[in-house]
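Trainee: Produce the entire structure from the sequences given, and follow the hints as far as they go.
These protein sequences, in sequence, are chains A and B.
Numbering-wise (the numbering used here), the first sequence opens with residue 12 and increments by one.
Numbering-wise (the numbering used here), the second sequence opens with residue 2 and increments by one.
Wrong hints could be hidden among the right ones.
[Unchecked claim] Pair ranges (Cβ atoms, derived): (1) B:60 to A:348: 57 to 65 angstroms; (2) A:204 to B:59: 38 to 46 angstroms; (3) B:13 to A:15: 35 to 43 angstroms; (4) B:33 to A:337: 54 to 62 angstroms; (5) A:348 to B:71: 29 to 37 angstroms; (6) A:122 to B:47: 48 to 56 angstroms; (7) A:322 to B:8: 34 to 42 angstroms; (8) A:209 to B:70: 33 to 41 angstroms; (9) B:13 to A:314: 22 to 30 angstroms; (10) B:8 to A:204: 20 to 28 angstroms.
Source of the hints: derived by calculation from the structure; they are not laboratory data.
No experiment lies behind these values; they were computed from the predicted model shown.
For glycine and all other residues, C-beta sits at the position ideal for the given N, C-alpha and C.
Here are the chains, one letter per residue:
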Amino acid sequence: MAVVAKTGNEAMAEAMRQINPDVVAAYPITPATEIVMIFAQFVADGLVDTNYIPVESEHSAMSACVGAATTGARVMTGTSSQGLALMYEILPIASGLRLPIIMCDVNRAISAPINIHCDHSDTMAARDFGWIQIFSENAQEAYDNLLQAVRIAEDPRVLLPTMVTTDGFIISHGMERMEMLEDAQVKEYVGEKKPAYSILDLENPKTIGALDFTDYYFEHKMPLVQAMKDSKQVILEVGRDFGNKFGREYGFFEKYKMDDAELVMVALGSTCGTAKVAIDELREQGIKAGLLKIRVFRPFAAEEIAKELAGKKAVAVMDRSDSYNTQGGPVFTEVRSALYGTSNAPKMINYIYGLGGRDINVPQLKSVFTDLSKIDKMPEINYLGVRE
Amino acid sequence: MSKLMGWKELPPCDQLKASTAEEFETGDWRLGEKPVWHPETCIQCLICWISCPDSAITVKDQKMTGIDLKHCKGCGICARECPTKSKSITMERDK
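Mentor: Set out below in structure tokens:
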């Protein structure tokens, strides 16, 4: 194990090099460009055995990934924002055909106005396409999550495409200290892919992705429902195993000073690092603040999250995107829904913040906890850090 | 139609056996005209076979043997592409 200084993009590219996928098809887009650019250099330098397919758009990138994955190949790609949006048509084909494609997804705002900075609106719009979604707080987690994603996605109980996200520029371009595993350790960890099928198996010709009418479409979507349910157990197993092997354990979420916390923040991604600093400062003043950092957004660990939040005095759910639905952001609606009908549910409000990369800082996050101490006077949905 | 399967009975990953299109008789779709083969003038060039979008030209031992009307949609490409002067495939009234 080596301690290195890497940006989030470099960390993901290095993880891809160590995973050594059979096929990568990708198209550049800020701020994810570096991931596939650095990886293309690895291909050119002969450091990987990957067949790299440069394509003319993200729609083609995901289409090429789907085609390659049906042959049984281990397939990866990377994108962001409008690029992810251009893939939307193909994303549910990957999950519907149960192809465990792995994507590095750098969270970036969706146009218009055009913007290249971080928010979660691109990834959240893809939340109902049957992909597993794992959020990272920093470069280390991006690296660790990407390695685990291979094991999760390819597990025979799962077979679901998986996206691992970082926050645009904040993680993707921010250099941090992190620990990298040895190449041989990763090779052994991810192992050889054992595909469920290959269309190149000429002894057993088959039809993939045939037309279903009203009589079978519903039945063909049900295994996807089941796989998403079953993936929860696999995600926990893989996270525990990663901890046993390499010392960093992962679950659906991370609890920070939650045990005796009365005022709780729920957040995803890089904001959680800032929130931990805010919480440390509040704790020095005797305020019982805590953080529930959601790592896995799809599948959504509703029961487990409800259990952690039960009995808390007040909860602020932080959304770095809006659903434009008049009842809160996507994380808020999920968390609140998870608590519906449970006993001892806390009072809960929503903050939509950081759109288009708007900075979120320690004083702002501390002000959220101040709001929580007088939650009865707060509106349900709040926009944090915007000028009126 | 056989009994409809439940989702737990389906093969995994939306896989089906190969050539399921064979079981779907698209010959029902023909409107008015059907191709008729005239073997006496046929030169066995197989242009009809390679042009047919529905694999409805039957071939055995590299020779054309007829037209599969269960699957032919009656598009007429075979008749149009047939290079013989007298047209070895013609479109005729489909009763």
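Trainee: Report the numbers of all earlier hints that the structure fails to satisfy, in ascending order.
Mentor: 5
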